[in-house]
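Engineer: Going down the list, the sequences are from chains S and X.
If you read the first sequence in our numbering, its first letter stands for residue 339, the second for the next number, and so on.
If you read the second sequence in our numbering, its first letter stands for residue -19, the second for the next number, and so on.
Careful: at least some of the hints might be erroneous.
In silico DSS-like links for lysine-lysine, alpha-carbon gap of 27 Å or less [unchecked claim]:
| hint | chain 1 | residue 1 | chain 2 | residue 2 |
| --- | --- | --- | --- | --- |
| 1 | S | K377 | X | K27 |
| 2 | S | K645 | X | K21 |
| 3 | X | K298 | X | K27 |
| 4 | S | K518 | S | K389 |
| 5 | S | K645 | X | K125 |
Computed spacing ranges between beta-carbons, pair by pair [what the hints assert, rightly or not]:
| hint | chain 1 | residue 1 | chain 2 | residue 2 | range |
| --- | --- | --- | --- | --- | --- |
| 6 | S | G566 | X | F305 | 34 to 40 Å |
| 7 | S | D622 | X | V315 | 56 to 62 Å |
| 8 | X | G69 | S | M339 | 56 to 62 Å |
| 9 | S | A660 | X | E149 | 48 to 54 Å |
| 10 | S | P388 | X | R183 | 43 to 49 Å |
| 11 | S | D622 | X | R178 | 56 to 62 Å |
| 12 | S | C438 | X | Y316 | 17 to 23 Å |
| 13 | X | G71 | S | G387 | 47 to 53 Å |
| 14 | S | G566 | X | G145 | 55 to 61 Å |
| 15 | X | E149 | S | V392 | 22 to 28 Å |
| 16 | S | C605 | X | H52 | 41 to 47 Å |
| 17 | X | R183 | S | M442 | 36 to 42 Å |
| 18 | S | G566 | X | Y316 | 38 to 44 Å |
Hints were generated in silico from the structure; no laboratory data involved.
For glycine and all other residues, C-beta sits at the position ideal for the given N, C-alpha and C.
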Amino acid sequence: MPLITYRKALNDALAEEITRDENVVILGEEVAEYNGAYKVTEGLLARFGPKRIVDTPISEAGFVGMAVGASMLGLRPVVELMFWSFAFVAFDQIVNNAGCVRYMSGGQIRCPLVIRGPANGGTNVGATHSHTPENFLANVPGLKVVAPATAYDAKGLLKAAIRDNDPVMFMENTLLYGEKWEVPEEEYIIPLGVADVKREGSAVSLIAHGRAVLTCLQAADILQAEHGISAEVVDLRSIRPLDEETLLRSVRKTHRAVLVEENKPFCGVDAQIAALLQEKAFDDLDAPIQRLSALDAPAIYSPPLEKIQLPTAPRVVQKALAIC
Amino acid sequence: MEAESRTFADAEVNRSLTPEDKIRFLRDMYRIRRFEQTALKAYNAGKMGGFLHLYTGQEAVAVATLSLLGPHDHIVTAYRDHGHALAVGMGMNECMAEFFGKATGCSKGKGGSMHLFAVEKRYWGGHGIVAGQTPLGLGIAYALKYKGIPGCCLCFLGDGAVNQGVYHESLNLASLFSLPVIYIIENNGYSMGTSLARSSAFRQLLAQRAEGYNICWDQASGENIYEVRAKTQAAMERAREESRPTVLEIATYRYYGHSVADANARKYRTPEEIEHYKTYHDPLLLWQKRLVDEGLLTGEQAEAIDLGARAEADAAMKFADESPFPTEADICADVYSEVDEPAGDAPRGTHFFN
Ligand SMILES: Cc1ncc(C[n+]2csc(CCOP(=O)(O)OP(=O)(O)O)c2C)c(N)n1
Ligand SMILES: [Mg+2]
């Protein structure tokens, strides 16, 4: 299988869906002539022209809202946010319009819309550019939230998101854009709402989404090599809809869970998962659920400090050792 | 052109300048330029992370406008904030240390280059979200008026920022509430890789949009310190005396890419265009030539000013390099004032969930 970058996987998914469906249109700042601030849309303007790949001014509320409106009439806009941090400028459009219009119309309206872009810390761009709003958005019934950890998942999930008839918030990671994974040449789709066991194990479940999955895989290596502990790594992939079955199956097998996310702890995604596990797998748990999130402050700029503000593999190991 | 230029030099606010003042403007521009060159070197050597938005080419705007700041006047700007920071009197040391993420930085290494702050100098940042600062400037003006303080707020933004809704909401509020705020659009022709023509629907000037809000507006050439001062002064008088807002658009140009990480810095505009500005419109060289022409400065004196700025920047780099990083415990400080500066009773409730 060819090794391709996470960036290229996204680019391929966009190109395939643009080719497949004439209603797919890419909108965002610097997506066309500049080829994307992070080059995810590289080459698309040259291949598909300015009707399909559209540069916008710096008006997030305006063009996100425009995409919501266009989706109501059957377009399938894929809006790039240069950073998910800028979504706050467009929050009303995302939450009130994309999130509620179907409900308030009694189901008359569909919003087949994707909003995508990086949502991560760890790149020393300061608090205003390092937000991870997956928990905020997953809090809105009506919105779907996806966070791929590998190139393979990024491609299959983005294609599913574009074909989905509901608004999908697609959260990428600038630190992963240049990383490579095996991705098959033939077409595939990864349905939303299906988690993935990235590593089988028996003694503890490390449950994560996005880049934290990779941190957990490293931690699992350390746990095995240095402590003889077999850790299973479960990648949510899709946060809402959430694959409860896969999570419960893993915890029923290992009887221990460490939840890891790069988000802040308060009302983070893992708070929901912890509640779920204690409610539905209480008798299967042999130890309290452990959580590891970013240290609870706005993202610090200072490069060496930001590294330790985010979850690290040694800290995941510590959390696992505390219950194994 | 020549005649118009004379008129600006003859404006009251410029006639009162001493030779020392004029030479100080040159020194301030050299300090910004050399500081940024040193910062760029440090960036390329891996001494800092993230972005670095260089102001090189735009120095006269910050130096001229902020030279008019009185004791009750305030400023707030965007992420291209190094020039404004030095022009309001921040030291190179605390700025460079901030870029390096050191505890001795102006924001203790927490904000980085986009988020420089010096509240005691009435400099309210450095803001990373495009146009996010525009209602802050409005709010500062609101508070000044509310408290009866005879000052104003200069709020800087770029030509790309004018298309954010919040800027338009701010203009309407500024006019409706009659607030002493001056929006200074630093029009450098590009927002990242997007030229003005590709980002804005407008007739002649971006500032003209102010008409829709019944706000006075003007334009100035950012390579002419006299002109920028004359027009900024008029706006500041309008703010202080009539409590009315102004939009002032200043034409300028940035020499480097959008940020140091701008991969396309040489793609969306021609090398000839950049060279043209450097050769014919460099605000620093033009001001230097003017001072020489006015008989206030010799070539050797200018060189000494330049050398002084370089030495100061080198010293700042050394200071930043030798300063300590914050500690892990610092990460969760400066989040809640109640926790940082407990007054009376110990704070109740849990603030952090680590
Ligand atoms: C809300 C928001 N959208 C997008 C960005 C990314 N971004 C940062 S600066 C910039 C261009 C702004 O251009 P302009 O206002 O002309 O200022 P200049 O950089 O030229 O000083 C963009 C798109 C951002 N920081 N915030
Ligand atoms: Mg600009």
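Engineer: Compare the structure with each hint and give your call.
Structural biologist: For each hint, the structure was consulted:
Between S/K377 and X/K27 the alpha-carbon distance is near 25 Å, which keeps this suggested pair within the 27 Å criterion. For the hint pairing S/K645 with X/K21, the CA-to-CA distance comes to about 23 Å; that is within 27 Å, so the pair holds. With a C-alpha separation of about 11 Å, the suggested pairing of X/K298 with X/K27 holds against the 27 Å cut-off. For the hint pairing S/K518 with S/K389, the CA-to-CA distance comes to about 31 Å; that exceeds 27 Å, so the pair is violated.
At roughly 44 Å between alpha-carbon atoms, S/K645 and X/K125 are farther apart than 27 Å, so this suggested pair is violated. About 36 Å separates the C-beta atoms of S/G566 and X/F305, a value consistent with the hinted range of 34 to 40 Å. Roughly 37 Å separates the CB atoms of S/D622 and X/V315, a value that falls outside the hinted 56 to 62 Å. As the Cβ distance of X/G69 to S/M339 is approximately 59 Å, the hint placing it in 56 to 62 Å holds.
The hinted window of 48 to 54 Å between S/A660 and X/E149 holds, with their beta carbons roughly 50 Å apart. For the pair S/P388 and X/R183, the supplied restraint of 43 to 49 Å is violated, since their beta-carbon distance comes to about 24 Å. The beta-carbon spacing between S/D622 and X/R178, approximately 58 Å, falls within the hinted interval of 56 to 62 Å. Distance hint check for S/C438 and X/Y316: the Cβ-Cβ separation is about 32 Å, which falls outside the suggested range of 17 to 23 Å.
The beta-carbon spacing between X/G71 and S/G387, approximately 52 Å, falls within the hinted interval of 47 to 53 Å. Checked against the hint of 55 to 61 Å, the C-beta distance between S/G566 and X/G145 comes to roughly 58 Å, which is consistent with it. For the hinted restraint 22 to 28 Å between X/E149 and S/V392, the CB-CB distance of approximately 25 Å keeps it satisfied. At about 42 Å, the CB distance of S/C605 to X/H52 agrees with the hint of 41 to 47 Å.
Between X/R183 and S/M442 the CB atoms are about 39 Å apart, so this pair conforms to the stated range of 36 to 42 Å. In this structure the hint that S/G566 and X/Y316 lie 38 to 44 Å apart at CB holds, the actual value being about 43 Å.
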